[in-house]
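**Student:** Sequences are here, hints too, so could you generate the full structure?
Protein chains: 4
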Amino acid sequence: MKEKIPVGILGATGLVGQEFVRLLGDHPFFRIEFLSASSSSSGRLYRDVVRWKMGEPLPPEIGEIKLIETDPEAILKTGVRVVFSALPSDVALHVEGALREGGMLIFSNSSAYRMSPDVPILIPEVNHEHLSLVKLQRGNYRGAIITNSNCAVSGLVMALKPLYDEFGIREVTVSTYQSISGAGLSGLPAMDIASNLIPFIPGEEEKIERETRKILGELKNLKINPAPLKIHASCCRVPVRRGHLESVVVKLDGRPSPEDIKASLSSFKGLPQTLNLPTSPLRPLEVMEEEDRPQPVMDVFSGYPERAKGMTVTLGRLRYDGEVLKFFLLVNNTVRGAAGTSVLNAELALAEGLLEF
Amino acid sequence: MKEKIPVGILGATGLVGQEFVRLLGDHPFFRIEFLSASSSSSGRLYRDVVRWKMGEPLPPEIGEIKLIETDPEAILKTGVRVVFSALPSDVALHVEGALREGGMLIFSNSSAYRMSPDVPILIPEVNHEHLSLVKLQRGNYRGAIITNSNCAVSGLVMALKPLYDEFGIREVTVSTYQSISGAGLSGLPAMDIASNLIPFIPGEEEKIERETRKILGELKNLKINPAPLKIHASCCRVPVRRGHLESVVVKLDGRPSPEDIKASLSSFKGLPQTLNLPTSPLRPLEVMEEEDRPQPVMDVFSGYPERAKGMTVTLGRLRYDGEVLKFFLLVNNTVRGAAGTSVLNAELALAEGLLEF
Amino acid sequence: MKEKIPVGILGATGLVGQEFVRLLGDHPFFRIEFLSASSSSSGRLYRDVVRWKMGEPLPPEIGEIKLIETDPEAILKTGVRVVFSALPSDVALHVEGALREGGMLIFSNSSAYRMSPDVPILIPEVNHEHLSLVKLQRGNYRGAIITNSNCAVSGLVMALKPLYDEFGIREVTVSTYQSISGAGLSGLPAMDIASNLIPFIPGEEEKIERETRKILGELKNLKINPAPLKIHASCCRVPVRRGHLESVVVKLDGRPSPEDIKASLSSFKGLPQTLNLPTSPLRPLEVMEEEDRPQPVMDVFSGYPERAKGMTVTLGRLRYDGEVLKFFLLVNNTVRGAAGTSVLNAELALAEGLLEF
Amino acid sequence: MKEKIPVGILGATGLVGQEFVRLLGDHPFFRIEFLSASSSSSGRLYRDVVRWKMGEPLPPEIGEIKLIETDPEAILKTGVRVVFSALPSDVALHVEGALREGGMLIFSNSSAYRMSPDVPILIPEVNHEHLSLVKLQRGNYRGAIITNSNCAVSGLVMALKPLYDEFGIREVTVSTYQSISGAGLSGLPAMDIASNLIPFIPGEEEKIERETRKILGELKNLKINPAPLKIHASCCRVPVRRGHLESVVVKLDGRPSPEDIKASLSSFKGLPQTLNLPTSPLRPLEVMEEEDRPQPVMDVFSGYPERAKGMTVTLGRLRYDGEVLKFFLLVNNTVRGAAGTSVLNAELALAEGLLEF
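Chains as they are written, first to last, in my numbering: chain H, 3 to 359; chain R, 3 to 359; chain P, 3 to 359; chain E, 3 to 359.
These are calculated hints, taken from the structure and not from any lab test. Just so we're clear, the structure is a prediction, and the values are computed from it rather than from any experiment. There could be a bad hint or two in this list.
Any copy will do: because identical chains look the same in the list, a pair fits if it lies in one copy or spans two.
Said to hold, decoys possible - Only pairs whose alpha carbons sit at most 35 Å apart, straight line, appear in this in silico DSBU-like list of lysine-lysine: (1) K68 <-> K222; (2) K311 <-> K68; (3) K232 <-> K68; (4) K6 <-> K225; (5) K79 <-> K68; (6) K68 <-> K264; (7) K79 <-> K271; (8) K4 <-> K253; (9) K271 <-> K328; (10) K6 <-> K328; (11) K6 <-> K232; (12) K253 <-> K225; (13) K253 <-> K264; (14) K55 <-> K209; (15) K253 <-> K232; (16) K55 <-> K311.
**Tutor:** Quick look at the structure:
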């Protein structure tokens with residue numbers, strides 16, 4: 003058996019950082035070499051700093067790791083070449099940029115570089131071919147940044163992809179029901195959201211509109227042409243712990259039958275399924291038949307093995323009148339919408355030979 | 003001072019029934035003469051049966067009222083001519099029909115007769131002229147039924163009305179965030195909704211689509227022609243106690259400026275405001291300027307006097323790109339969406355001379 | 003490998019019934035032979051009737067089981083000798099009694115027979131010797147009933163047992179924080195408990211006081227003498243999905259050191275651990291060191307393998323001033339507090355040779 | 003009519019600060035002259051800084067007040083002599099001390115000076131005579147500090163007072179169910195408490211034990227001798243917005259009848275009721291007869307006029323076996339437990355002539 007590739011996790015104490023720790027703590031290809039946090043925590047043991055919120059115990063040996071500061075110099079000194087970033091965008095802008103200059107490959111959940119023309123927003127089932135933008139970056143820097151999308155976008159774009167390819171899409175209207183975990187460990191005071199709704203998430207609607215078009219965009223000569231569909235997004239925070247529900251209304255170009263639509267969604271597969279990557283779910287999309295599903299409490303966290311720990315997007319309530327297609331979807335925002343897709347991106351990059359330094 | 007008109011409340015122990023009691027317990031024109039409940043409670047005191055959930059105390063003298071059975075014969079014997087109905091639809095179909103035959107005027111929150119061609123779904127600010135359908139009914143029966151709309155419809159149609167009249171509307175897409183009180187006192191088990199979302203409310207989407215078209219419809223020769231706009235509705239239950247939030251996307255016919263739209267909504271008034279009816283709010287619509295409002299906890303129950311105890315619909319986050327108008331609205335589902343509008347309907351009917359028997 | 007023992011589950015569609023299905027669906031000693039439900043559901047497939055709320059999928063082959071009616075005659079006809087009962091108490095009184103007459107061994111979560119002198123309330127780690135009461139029953143009936151305790155009692159009595167044996171207990175004061183799942187699938191309307199507290203659970207305080215004394219009681223000549231300690235219980239429902247938290251204040255007879263107390267709790271083991279029964283946790287009690295644990299969201303459902311799927315009771319915040327011992331405990335109310343302990347009881351009964359008919 | 007006394011509010015943007023604004027915005031004796039906040043907000047309008055969470059609208063003229071910095075020099079320059087403090091304890095230690103030196107009378111919700119021998123923890127219904135400690139302070143400083151108690155203490159001590167005086171109390175065991183508003187506007191991240199319980203509130207149990215003894219203590223020669231009763235407190239945060247529920251178990255010295263106990267609690271009145279102070283409730287304690295009350299959603303916020311906007315403590319579920327008295331109580335933590343009692347303290351001080359400078 004080959005030796006595992008050493009990796010680092012930037013911003014390891016937050017909620018997405020913890021998901022990275024959970025997913026990489028026992029990964030067949032990668033092993034955690036270092037964890038970074040803000041300067042106030044550096045030098046302390048991970049277990050003494052982290053407010054661990056995962057449903058599984060913190061692996062004891064990872065709890066013993068001494069945190070290093072999220073400082074490019076300190077990070078580059080580790081000699082590690084692959085990092086996963088759960089940094090906030092303002093910090094990421096500087097740190098990820100410096101690490102790329104220093105030759106690192108960064109799989110980032112941050113939005114800082116998502117809209118850069120040479121940076122892919124990668125969801126392997128949807129746009130694996132965008133990974134080749136890395137070549138463009140490597141022309142200018144020693145390293146490269148590969149991002150995953152905004153958490154609400156990840157579910158939406160996966161559901162849209164097969165419809166877009168098979169029937170064409172003119173217009174998408176989406177209203178979101180986003181859980182509090184989307185605001186991170188401490189991002190949302192309880193008094194704001196307890197038994198309440200907040201119909202505003204800063205920057206979210208813009209991200210949904212432009213990231214979706216980029217991800218569905220066509221790559222030509224190492225340039226992405228955004229997909230020409232209209233997207234109208236309205237975002238709302240709801241008092242639910244995990245999982246973003248989305249009410250989606252789609253106008254298709256073609257006029258398929260309801261059965262065609264369902265078959266298109268249910269049978270959707272991508273390169274991760276073909277390559278059988280460790281973090282890929284058997285089925286990227288699952289169309290539920292029950293009249294009142296998907297529901298966060300039952301469908302986000304489930305022990306259902308075929309949903310691969312939160313990587314499957316569940317859909318339900320498909321309604322199609324020949325003109326307008328309506329459905330609800332549910333995405334595990336910290337797994338498929340964040341750390342999980344970043345890990346899948348790294349597995350794809352490894353399979354494509356990009357991790358041979 | 004004129005003597006108050008005696009009224010009865012059908013289904014007085016449920017949540018909407020309690021709102022009727024609260025609103026009519028100290029009303030300038032009406033006084034509660036009887037309260038009805040199911041046969042198992044009849045003969046008992048209201049205060050011993052009701053699980054009172056209002057934020058104000060049950061008036062002691064109303065607590066002492068002995069419940070009568072929701073039985074047409076017993077109700078007709080009371081001699082009362084005006085009743086407010088909070089009955090479930092299946093019961094309402096029989097009881098309200100029989101009471102109408104018996105000469106009563108029924109202000110009903112039930113959906114049983116809403117779609118009958120001769121029954122108005124009345125929201126006085128929006129379609130007061132539909133009240134004349136009562137003439138049609140009185141041609142066939144001794145009494146008449148006047149309904150208010152579904153709770154989610156009430157907020158939506160009030161926001162649409164000024165836009166529809168001033169600019170024309172082609173298409174409306176709405177996703178709802180409906181509170182648990184919408185399911186009544188005992189309609190929803192806690193295990194179903196606690197920290198969860200349920201993207202399905204039986205019959206609700208159909209009601210939104212067809213009631214909205216009827217209410218906005220044109221009355222000609224005592225016949226309502228449904229408004230020719232398309233409506234796409236998706237309904238979801240959320241773990242919030244009171245207030246239905248709605249994410250609304252509207253395609254207008256015209257191309258007004260954003261200022262025109264805001265002015266149209268903010269200045270909207272109707273006949274109840276002109277007549278200064280007791281239950282009418284100063285402003286039917288309030289457009290909030292804050293970037294994250296309206297919110298149920300702050301805007302549904304508020305002691306804000308100009309919101310008249312839940313009769314004002316609050317709107318916020320108006321976004322208009324010249325083509326698509328997006329906003330959120332919040333409606334107090336048990337007041338404006340149910341008992342409050344029924345009481346307003348009775349006040350209008352009184353002003354129009356329909357309560358002179 | 004020996005053949006598995008066929009068993010039935012009474013009341014299989016409720017929350018505790020579902021836990022039984024989950025725990026017995028893949029059990030090394032037992033296999034589900036039949037599932038019963040009320041007459042309105044009998045004849046239908048389990049998957050078509052059950053509102054499945056478990057975190058793991060319903061095993062497809064169990065979904066295909068056709069429900070039989072919870073009728074003694076029908077049940078006795080199956081030929082099965084061992085049943086698990088999740089029946090409500092009023093139904094259990096008749097059905098369990100009739101099945102016992104018919105020769106069945108019933109492992110029951112119902113409270114109907116708990117206080118009968120010849121019926122054990124069995125928690126194998128605490129009072130395995132009470133199982134011998136079965137002999138007493140078999141003198142009078144062909145079968146026997148073995149109950150588990152009330153859900154709040156199960157956590158309390160496990161924490162008290164080592165303290166009682168080692169140091170003596172004079173008095174216990176307990177205030178509970180009981181989750182909504184304790185009221186079953188539909189037992190509690192959302193409007194009652196959403197963002198609210200209900201300081202009353204019918205019958206619960208009495209159960210805590212008398213069941214605890216019985217379980218800790220001494221068995222002499224097949225008669226249980228209740229333990230002579232005082233118990234003051236106050237019960238409250240809280241808006242949490244799973245897990246009952248309890249604030250416990252104990253007055254000990256002796257004056258051990260804080261270290262003695264902690265050691266007594268942490269090292270507590272019972273017969274199920276010695277026998278290595280499949281459903282027994284490695285550690286019945288886990289004393290958490292963190293200053294703010296246990297917490298339902300993290301400690302009830304956890305994938306922590308040593309907690310054996312909800313069979314470990316977690317304790318925290320031990321405070322001892324030499325006179326009064328205070329701590330919080332958390333128990334998984336549907337597993338350790340209900341179905342899990344019943345299954346453990348059956349495993350113990352099997353080990354003791356009671357299942358050889 | 004006499005001119006109103008100008009007052010300032012320190013820390014006016016937080017939750018307790020907002021309660022002060024609400025209670026003093028339309029007060030018969032006081033008028034708000036200035037509002038202070040941290041340096042980052044000073045110079046800005048109150049309405050632009052505050053995240054207003056009250057159920058009533060912010061009075062427009064108060065919204066227009068320009069915030070000053072919470073700096074002793076700036077505050078003393080205002081010339082105002084009476085301030086209400088909602089400062090965090092660490093800030094209060096310095097600021098309130100300096101203002102006292104400067105001659106101000108400070109009605110403080112902070113815990114910084116509560117345990118100073120010359121500072122009263124004043125709850126006018128319980129220990130109005132402690133107000134004379136102000137003389138002691140004025141011997142040493144130009145001004146004085148008068149505190150109200152910890153929020154959980156306020157409800158407890160009011161319920162204990164009549165029992166203590168009439169029957170004697172040996173021992174009190176209390177477990178709390180404290181709402182998220184107790185942690186302030188932003189003190190508790192939603193991910194920590196949503197659908198969860200946290201059985202730890204830093205410092206709270208110690209405060210309950212020592213503040214209760216001080217408040218019930220006897221004043222002799224300007225020295226308070228703490229009441230000699232034992233108190234065992236266990237504190238837990240629960241996912242409820244407003245109101246602290248407490249499960250209280252009391253051992254009395256005497257052996258009154260249950261009727262005596264109820265009468266003692268129900269008829270409890272104090273000096274504020276005699277003086278008819280504006281913020282005093284008609285009944286400081288209300289014993290509810292329903293089997294499942296008090297409940298936060300219905301009893302904390304209620305429009306019940308006799309509960310005076312949150313100043314009445316509601317009790318329920320009195321259970322007495324001749325030896326141990328058990329009950330639940332509910333206190334509005336931001337009104338009776340914080341700003342409301344401070345305002346009542348100022349009204350009492352005014353009545354006692356302490357506000358004549």
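**Student:** Take the hints in turn and mark each one as holding or not.
**Tutor:** For each hint, the structure was consulted:
1. Proximity of K68 and K222 under a CA criterion of 35 Å is satisfied in neither setting, with 45 Å inside one chain copy and 57 Å between copies.
2. With identical chains, the CA atoms of K311 and K68 are at most 35 Å apart both within one copy (28 Å) and between copies (31 Å).
3. Taking the closest pair of Cα atoms, K232 and K68 never come within 35 Å of each other, the shortest separation being 48 Å inside a single copy and 45 Å across copies.
4. For the identical chains of this complex, K6 and K225 are intra-copy neighbours only, at 33 Å inside a copy versus 63 Å across copies, given an alpha-carbon limit of 35 Å.
5. Taking CA atoms no more than 35 Å apart as the test, K79 paired with K68 passes inside one copy only; the shortest distance there is 15 Å, against 51 Å between copies.
6. In the homo-oligomer, the alpha carbons of K68 and K264 lie at most 35 Å apart only across protomers (30 Å), although the nearest pairing inside one protomer, at 49 Å, exceeds that limit.
7. Taking CA atoms no more than 35 Å apart as the test, K79 paired with K271 passes in neither setting, with 40 Å inside one copy and 49 Å between copies.
8. Taking the shortest Cα distances, K4 and K253 never come within 35 Å of each other, neither inside one copy (48 Å) nor across copies (58 Å).
9. Taking the shortest Cα distances, K271 and K328 sit within 35 Å of each other both inside one copy (21 Å) and across copies (34 Å).
10. With identical chains, the CA atoms of K6 and K328 are never at most 35 Å apart, being 44 Å at best within one copy and 48 Å at best between copies.
11. Taking the closest pair of Cα atoms, K6 and K232 never come within 35 Å of each other, the shortest separation being 43 Å inside a single copy and 57 Å across copies.
12. For a Cα distance limit of 35 Å, the shortest separation of K253 from K225 qualifies both inside one copy, at 27 Å, and across copies, at 33 Å.
13. Taking the shortest alpha-carbon separations for K253 and K264, both the intra-copy value of 15 Å and the inter-copy value of 28 Å come in at or below 35 Å.
14. For the homomeric pair K55 and K209, the shortest alpha-carbon distances inside one copy (27 Å) and between copies (29 Å) are both at most 35 Å.
15. In this assembly of identical chains, the alpha carbons of K253 and K232 lie at most 35 Å apart whether taken from the same copy (10 Å) or from different copies (13 Å).
16. In this assembly of identical chains, K55 and K311 lie within 35 Å of each other by CA distance both inside one copy and across copies; the values are 16 Å within and 18 Å between.
Hint compliance for this structure: hints 1, 3, 7, 8, 10, 11 are not met, and every other hint is.
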